[in-house]
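K.L.:
Protein sequence lines, in the order shown, are assigned to chains V and Z.
Letter 10 of the first sequence, counting from 1, is numbered 268 in the working numbering, and no numbers are missing.
Letter 18 of the second sequence, counting from 1, is numbered 42 in the working numbering, and no numbers are missing.
Worth flagging that the hints you see were computed from the coordinates, not collected in a lab.
Treat the numbers as computed from the prediction; the structure is a model and nothing was measured.
Certain hints may be false.
Unchecked claim - What follows is a set of in silico ranges between Cβ atoms, one per label pair, in the way DEER data are often shown:
| id | chain 1 | residue 1 | chain 2 | residue 2 | range |
| --- | --- | --- | --- | --- | --- |
| 1 | V | 402 | Z | 166 | 45 to 51 Å |
| 2 | V | 351 | Z | 217 | 47 to 53 Å |
| 3 | Z | 317 | V | 386 | 31 to 37 Å |
| 4 | V | 392 | Z | 317 | 42 to 48 Å |
| 5 | Z | 51 | V | 315 | 38 to 44 Å |
| 6 | Z | 224 | V | 518 | 24 to 30 Å |
Here a beta-carbon is modelled for each residue, glycine too, at the ideal position from N, C-alpha and C.
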Amino acid sequence: MLMFSYLMATGLTTGAFYALVALGIVIVYKSTQVVNLAHGELFMVGGMLAYTCHVMAGVPYLPSLLLAVAGAFVVGILTERVAYRSVLKHGLASVLVATIGVSFVLKGIGRYIWGGKGDYLAFPPIVSPEPLQFGNIMIMSQQLVVLLAVIMVMAALGLFFKRTRAGKWMQATASNPRAARLCGLRIERIYMYTFAVGAAVAGAAGVLMAPLTHLYPDVGFVLFIKGMAAAVLGGLTSIPGAVLGGVLLGLAEQLAAGYLHSSIQDVVAFLVIMFALIFLPTGLLGVRGLRKV
Amino acid sequence: MQRLATTITATLALAAIALQAQAQGADVPGVTNTEIKVGSFGPLTGPVYIYGKLTMNGVEVYFNKLNQAGGVHGRKLVLVREDDLCKPEGAIAAVKKLVHEHKVFAIIGGGCSNSTLAARPDIEKEHVPFHVFAAVADGIVDPPAPNIYTTQITASIESKAQIQWAIDKGAKKLAIIAQHDAWGRARYEPMIQDFKRRGIQVVADEEVTVDQNDGTAQALKLKAAGADAIMLLGYPKPAAVVIRDSIKIGYKPLWVGQTAIQDLPALQALIGINGALADFVSITTVPGHPDNPQYAEWRKLLKDTFPNDDLSVFNLMGIAAAEVFVKVLEAAGKDLTREKFLAAYNTIDNFKSSIYPGPITCKGGHKCNESPAFVKLENNNVVFAGTAALK
Chain V
259 MLMFSYLMAT
269 GLTTGAFYAL
279 VALGIVIVYK
289 STQVVNLAHG
299 ELFMVGGMLA
309 YTCHVMAGVP
319 YLPSLLLAVA
329 GAFVVGILTE
339 RVAYRSVLKH
349 GLASVLVATI
359 GVSFVLKGIG
369 RYIWGGKGDY
379 LAFPPIVSPE
389 PLQFGNIMIM
399 SQQLVVLLAV
409 IMVMAALGLF
419 FKRTRAGKWM
429 QATASNPRAA
439 RLCGLRIERI
449 YMYTFAVGAA
459 VAGAAGVLMA
469 PLTHLYPDVG
479 FVLFIKGMAA
489 AVLGGLTSIP
499 GAVLGGVLLG
509 LAEQLAAGYL
519 HSSIQDVVAF
529 LVIMFALIFL
539 PTGLLGVRGL
549 RKV
Chain Z
25 MQRLATTITA
35 TLALAAIALQ
45 AQAQGADVPG
55 VTNTEIKVGS
65 FGPLTGPVYI
75 YGKLTMNGVE
85 VYFNKLNQAG
95 GVHGRKLVLV
105 REDDLCKPEG
115 AIAAVKKLVH
125 EHKVFAIIGG
135 GCSNSTLAAR
145 PDIEKEHVPF
155 HVFAAVADGI
165 VDPPAPNIYT
175 TQITASIESK
185 AQIQWAIDKG
195 AKKLAIIAQH
205 DAWGRARYEP
215 MIQDFKRRGI
225 QVVADEEVTV
235 DQNDGTAQAL
245 KLKAAGADAI
255 MLLGYPKPAA
265 VVIRDSIKIG
275 YKPLWVGQTA
285 IQDLPALQAL
295 IGINGALADF
305 VSITTVPGHP
315 DNPQYAEWRK
325 LLKDTFPNDD
335 LSVFNLMGIA
345 AAEVFVKVLE
355 AAGKDLTREK
365 FLAAYNTIDN
375 FKSSIYPGPI
385 TCKGGHKCNE
395 SPAFVKLENN
405 NVVFAGTAAL
415 K
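With these hints in hand, go ahead and build the complete structure from the sequences.
P.N.:
This is the structure in C-alpha cells:
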C-alpha cells in the first residue's frame with residue numbers, strides 16, 4: 259500500500275511536469291494549428307537564461323524568473339519573425355518543418371553558450387531541497403511548486419482565452435484565419451504573439467522545473483515528447499485536457515515502472531501517443547472541429 | 025682553393041642531410057621537421073559532445089603548453105578535430121578523413137564507445153596509431169590491436185572493481201541500476217558476467233534512462249528487494265535522480281558509482297540535498313576535483329584558450345591522455361616513424377602521470393590503466409577512498 263501511495267503521489271507530481279510543458283504546446287496549437295516542435299528548446303532557453311541570471315550573475319530568484327520568461331518571450335517573437343512568418347504562406351506544414359529547424363538552431367546555440375560549463379547544470383530549488391512529509395509519504399517540495407504553478411498557469415490561460423479580447427482573437431484566428439482577416443484582425447501579429455506566449459510559458463516551465471530536471475542543451479527533447487503525449491491524450495485544443503493528460507501520463511509511467519518493470523517507464527509516453535491517435539483522435543477533452551456545408 | 029673545396033663539400037653534405045631529413049619526414053604521414061599532425065575524433069556536437077569536445081579541449085591545452093616550451097624534439101603538435109556525432113558511421117568517416125585527407129601521424133580520441141568500436145576495423149587497416157582518451161568499451165582494445173592503446177580504465181575493469189568494492193565493504197545483497205544504452209551495456213554485461221563468475225545473484229536489476237526525471241519507482245523496488253549495495257551504471261542526471269528519490273523514501277544503501285559520475289560536488293549539487301553522498305563512492309579518472317588548487321594552472325590555460333569552458337573532468341581526461349601520448353612521442357625519438365612510436369608504448373612502465381590516480385603501464389598490454397581508485401565526498405571535498413584489489 260505504501261508503494262502504491264508513493265507511486266500515485268509521484269505520478270501526480272511528475273504529471274504536473276508534463277502538464278506544464280503540454281500547456282505551452284496547446285496554447286500555440288490552439289491558436290495556430292501548428293505543433294511547435296521547438297517547444298522543448300524554448301524550455302531549455304528559459305532555464306538557461308535563469309541559470310545565467312541567478313547562478314552565474316547572482317541575480318535573486320524572482321527577477322531571474324521574470325527575466326528568463328521575458329527572454330523566452332522575445333525568443334518566441336524572433337523565431338516567428340525570422341523563421342515562421344516567411345514560410346507561413348506555403349502552409350502550416352512548412353511552419354512545422356521550420357520549427358524543427360529552430361529546434362536545432364536553439365540547441366546549437368545552447369551548446370555553444372552553456373556547453374562548456376559541465377555536463378549537467380544544477381539549478382538551486384526555490385524552496386527547501388529537503389522532502390516534505392504528507393501522512394506516511396514524502397514529496398519533494400519543488401515538485402509541489404511545479405504542481406502549484408500548473409494550476410496557476412492553467413487558470414490564467416483559461417481566463418485569457420475566455421475573458422480577454424486578445425485570447426478571443428487568437429481563437430478566432432485559429433478557427434478561420436481568412437474570416438479573421440476579413441474582420442480586420444492582423445493575423446500575422448496574432449501568430450507572433452501566440453508563439454511568444456507559448457515560448458514564455460515554456461520559459462517559465464524551464465525555470466520552475468530546472469531544479470528537478472537539471473539543465474543541459476538537450477534537456478528539452480524528452481520533456482517535449484512527454485508534453486506532446488500529454489497534450490495529445492488530453493486533446494490538443496484543450497487547456498484542462500493538457501493538465502489531465504499530463505497527470506494520467508505521469509501516473510501511467512509510475513505504475514508501469516513500479517508494477518511491471520522500470521524499462522517500460524519511458525515507453526509509456528509513446529504508447530499513449532499511439533493509443534490516443536488511434537482511439538481518441540481528438541483527445542479526452544478536445545473538441546472535434548465542425549464545418550457546416 | 026682547398027678551402028673552397030671544403031666549403032662546397034660541407035655545403036653539399038649539409039644540403040644532402042637536410043634533403044634526406046625532409047624526405048624522411050615526407051615518408052611519415054603528418055610529420056615534418058617542424059610539426060606533427062595529430063588527429064582526434066569524438067562528438068563535437070550532439071547530446072554527448074562533452075566526451076569529445078571538452079576532452080579534445082583538454083588535449084589541445086596540453087599541446088599548446090608543450091608547443092610553447094618547444095614541442096617534442098623540436099616539432100610542434102597540431103591537433104586536427106573531426107566530429108563523429110557519437111555515431112558509428114560518423115566515427116568511420118572521421119577516421120577516413122583524418123587518415124586520407126588530413127594525413128595525420130596518429131590519432132588521440134574516441135569519445136563514445138559504440139562509435140569508436142565501429143571505427144576499430146578501419147583504424148587497424150590503416151595502421152594509424154590510436155590512443156583512446158575517453159571511450160571505455162573493452163572491445164576497442166580487446167583483443168589487442170597492434171596500433172591501439174588506451175589510458176582510460178575500461179568498462180569491464182570498472183564493473184569488476186565496483187562489485188569488489190561492495191563485497192570488501194561487507195555488502196550481502198547487491199543490486200544493479202543501469203542505463204541500457206550502448207554506453208550502459210558496455211558496463212552492464214561485464215558486470216553480469218562477473219556476478220555469475222562469483223556465483224552472486226543480484227537481488228534487483230533496475231533500469232534508468234539518460235533523461236530520467238524521477239526515480240521513485242526504481243528506488244521503491246530496490247528498497248523492497250532489501251539491497252544494501254547498489255552498482256550504479258548511469259550518467260550524472262539519472263544517478264542524481266535515483267539517489268534523490270531514494271533519500272526521499274528514506275532508503276540509504278551503499279552506492280558504488282563509476283567514472284561517469286566521478287565529479288562528486290557536481291553530483292551533490294544535482295541532488296541538492298545536504299549529505300546525499302554520505303554513502304557514495306565512485307571510481308575516478310582524476311583523483312581530485314577540477315576546482316582543487318592542484319589544477320590551477322590547467323584552469324587558467326583552459327580559460328585562456330576556451331573562455332566558455334570551466335575546467336571539468338572531461339578536460340582533465342584529455343590532458344591526462346595527452347600527457348601519456350607525449351611521453352610516448354618523446355620515447356620514440358627524433359627520427360619519428362609510426363613503428364617507432366608504437367614500439368615506444370612498451371617503454372611506458374609504471375609511469376606516474378600528473379593526473380591519473382594510478383600508474384600507467386602500456387608495457388606488455390594495451391590497457392594501460394588498470395588501477396581503479398575510488399573517491400568519496402567529505403565536507404564537500406573529494407577525498408581518496410581506497411582501491412579495489414581485483415580478484
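K.L.:
In ascending order, which of the hints set out earlier in this document are inconsistent with the structure?
P.N.:
5
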